[in-house]
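Novice: Two chains, each in its own frame: build the complex with the hints.
Listed below are the residues making up each chain.
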Amino acid sequence: MEEERKPVRTMKIAWYYIYRFVRSPYLSLVLRLYIGGIFIYAGMSKVHYPGEFAENLAAYQMLPYWAVNFMAVILPWVEIICGLFLIIGLKSRVSASIVGLLLIVFTVGIFINLMKGTPISCGCFDSIGSEISWKDVFRDLGWFILTLQIFYYDRISFLRRELLLFKKRWEEDISQSLR
Amino acid sequence: MFEIGRIAHKKIIPSHTIIFSQGDTGDSFYIINSGEVRVYRRSPEGIETDLTVIREGCYFGELALLTGKPRAGYAETTEETELVVIPKYHFDRILKEYPHIASVFINQLSSWIVQGDIKLEKERERQIWGQRISVFDYIIIIGISLLLSIGLNFTNPNGIRLIPQFFSTETVSTVTLSYAIEKYRKGEAVFIDAMPVNFYNKEHIKGALSLPLSLFEIMYMLHLSGIEKEKELIIYGRTISRHYDKDVAQKLVLNGHKNIKILIDGLSAWKKNGNPLEP
Chain A
1 MEEERKPVRT MKIAWYYIYR FVRSPYLSLV LRLYIGGIFI YAGMSKVHYP
51 GEFAENLAAY QMLPYWAVNF MAVILPWVEI ICGLFLIIGL KSRVSASIVG
101 LLLIVFTVGI FINLMKGTPI SCGCFDSIGS EISWKDVFRD LGWFILTLQI
151 FYYDRISFLR RELLLFKKRW EEDISQSLR
Chain B
1001 MFEIGRIAHK KIIPSHTIIF SQGDTGDSFY IINSGEVRVY RRSPEGIETD
1051 LTVIREGCYF GELALLTGKP RAGYAETTEE TELVVIPKYH FDRILKEYPH
1101 IASVFINQLS SWIVQGDIKL EKERERQIWG QRISVFDYII IIGISLLLSI
1151 GLNFTNPNGI RLIPQFFSTE TVSTVTLSYA IEKYRKGEAV FIDAMPVNFY
1201 NKEHIKGALS LPLSLFEIMY MLHLSGIEKE KELIIYGRTI SRHYDKDVAQ
1251 KLVLNGHKNI KILIDGLSAW KKNGNPLEP
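Protein chains in written order, with our numbering: chain A, 1 to 179; chain B, 1001 to 1279.
Chain B with its partners taken away, still in its complex shape (with noise of 0.2 Å):
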């Protein structure tokens, strides 16, 4: 080492200088006695990356010398520091005079090799994770219309109960499909058809009357306001999705009808049985 002393000399460099630049030709190998040097590349576009800081004791720039090739980024200090400073000639002389010191680079060297290896390994790993689904994803986004529907509905004055409302069926009970045939038969009852109207334009119980829910105000004062309110009605219309029977049947209460049944199996069933339709 009592050699190194002979052919370095010492620099002091103020602070924020730089060392050398990105594509300069390698020309010194630098150990620091104190001070701190950051080493970054820059793009075309000026972009800077911070390579890493080089502190008291450790040393920088030998890769260019090793490699041949230009300097492959900048150093610069970032407070006043002092350098040892060995010429190329000299550099190269003592890697060939002393193999361990050769082999420390090599070291170093390799180690970088890894890390980077690491870090383009992360990187991909962001990227596949960025492409990835996970179940969490669909309860966010269901999660979010959820918040936003519910509470929007509340302030809607469009908005509709999420449940449907269950009322008392006291005043209004079911009747089975024999009972209806008979009562069809002799005309005691009126019968009235619930579903919607382009339903009941398609097929209904021949005679029946068209009371959807939409436009119950009109059709009634058409068909039954002048009907008495003992009269028997008979009211079917029922799909999986709406009891359009009981909704009729709760209204038709509200306007003081006291003898309202419901056939259940409505339309199906009376057709099954081969008993008249319309149209």
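The following block holds chain A by itself, in its conformation from the complex (with noise of 0.2 Å):
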């Protein structure tokens, strides 16, 4: 009996420890770094030359001819505030959020290009990249699951995040000093 149990209690553990760890804010600061890294990286290495990237932006056919400049002139500052705003914490969830919905919109686009067999290269991180393939579609999709985290997660500050919230304490002062 004691030893059909005890794999069971260790499973139980383990699963806990698991449980623990997906949920740990440390682990959405590691996350953090990572994903604003890489979403710095990614803006800066398109930011210099907006008429390349709005040539890729344009072959993916998903926007109307009047906005593609227009995308490729703002997409890669979104990436690089997101990215510099996951690493300093300030504002953290919400620019998970929009780094999430671009990451999504990224995977669908690819998706449908790879489904229509265009032949365009990704644009991702630079210019002149390689064709779009099914890794581009997988990558995506996992640092989105790892922008979930951040999101659900993320509790950790290098700035104090009730410092931020002017209009709350200015709330305060004022019901405080009509009392």
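Simulated from the structure, these hints should not be mistaken for lab results.
Please note: incorrect hints may appear among the correct ones.
[What the hints assert, rightly or not] One side of the interface only, derived from the structure: several residues of chain B facing chain A at Cβ under 7 Å:
#1 ASP1137
#2 ILE1141
#3 PRO1164
Computed from a predicted structure; not experimentally measured.
From the three backbone atoms N, C-alpha and C, an ideal C-beta is built for every residue, glycine too.
Specialist: Pasting the structure below:
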């Protein structure tokens, strides 16, 4: 009897630690640095050459022609700002949600073009990249799951978040002075 | 009250003197005749937290006497202060003999508990608010990105137009598929593929020349420099994201070509009707 129950108990303990690991805010911190670094790198590689990035975006054939250039200019900066905010922990949940949304859009874009068989390069990091492949889809999906972890379990901030609640503090000060 | 006068003694304490320290045994109760006393806690790391400032006519030092535990904080004068000191023995006796005085202390202590709870609640609210997400946050992040990107696109030597340029299409007209097919059969027009090279390599109208914008000069020199300007050119190649045909047509107009036509539906319609393709 004892010998049968022992592996069950080990499994339970293992699950407990896996559960704790997945929900750990320290894991969020590490993931924030990782995802933030990737996005800063991705944004920086595109930000100097909006023209080439615009051609890459256009090749996806997802955006209307009047929005392509605009997106090509703003998208690298959204990536850089979100990456930066993730690393310094300023509004990191908001940044994680924006990054997650971008990753979903990228995944859908690559997926559709893979299905259509369009001969385009990813444009994810460099303007001269290899052709899109299923690897890119799974890579983006993997990163998306990491952003979910950050979104739900991130608690650690190098900055004190409550100090940034200017409006709330102002309201409190007023109610205190009226008392 | 006359009894207090009998059992208590007055004591004058100079400014900035500690009356009792955190952890001391509570032995007396104090009433302030004049002056001011600051009550604070100090953590092992030396962080001081002010609890309250007690002024003339108020009392302090009762907590340790009521709980029987060591002093919960420091009491320090901020100016020269005259105190009425009541020793613990007499304090206990007064509480027993005058229950209404005891009830004053009970009221005071319970209001402290409520205040503490409210503080806890405020702290918790702030934590929750710190985690909360509002539309405002998204506006800020997108706004910062917008400002930076548009601002720096102006100064970037590689900057691009944010909105596509529209040029007049007077010299360029569009043609229908049937017209293009007829011309193709007779061999009266040159077909030009304006799509990027990789799209051209994948599939194009049989015999069409590749003339992508990025390689315009070289390809033009190679294929079209010898052609007369009146020769009919039919350009195709358009996606939802880019009107390659228009851009190339504009360049050809600048190069002096007079007879330029755009086949709007381009490759997809061509393919549907089963016309010849390459490769």
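Novice: Going by Cβ atoms only, is B/PRO1164 closer than 7 Å to chain A?
Specialist: Interface hint status for B/PRO1164: holds (6 Å vs cutoff 7 Å).
Novice: Per the CB criterion, is B/ILE1141 less than 7 Å away from chain A?
Specialist: At 6 Å from the nearest chain A Cβ, B/ILE1141 passes the 7 Å test, so the hint holds.
Novice: Could you check if B/ASP1137 really has its C-beta closer than 7 Å to a C-beta on chain A?
Specialist: Hint on B/ASP1137: holds, closest Cβ of chain A at ~4 Å, below 7 Å.
The structure fails none of the hints (numbered hints given earlier).
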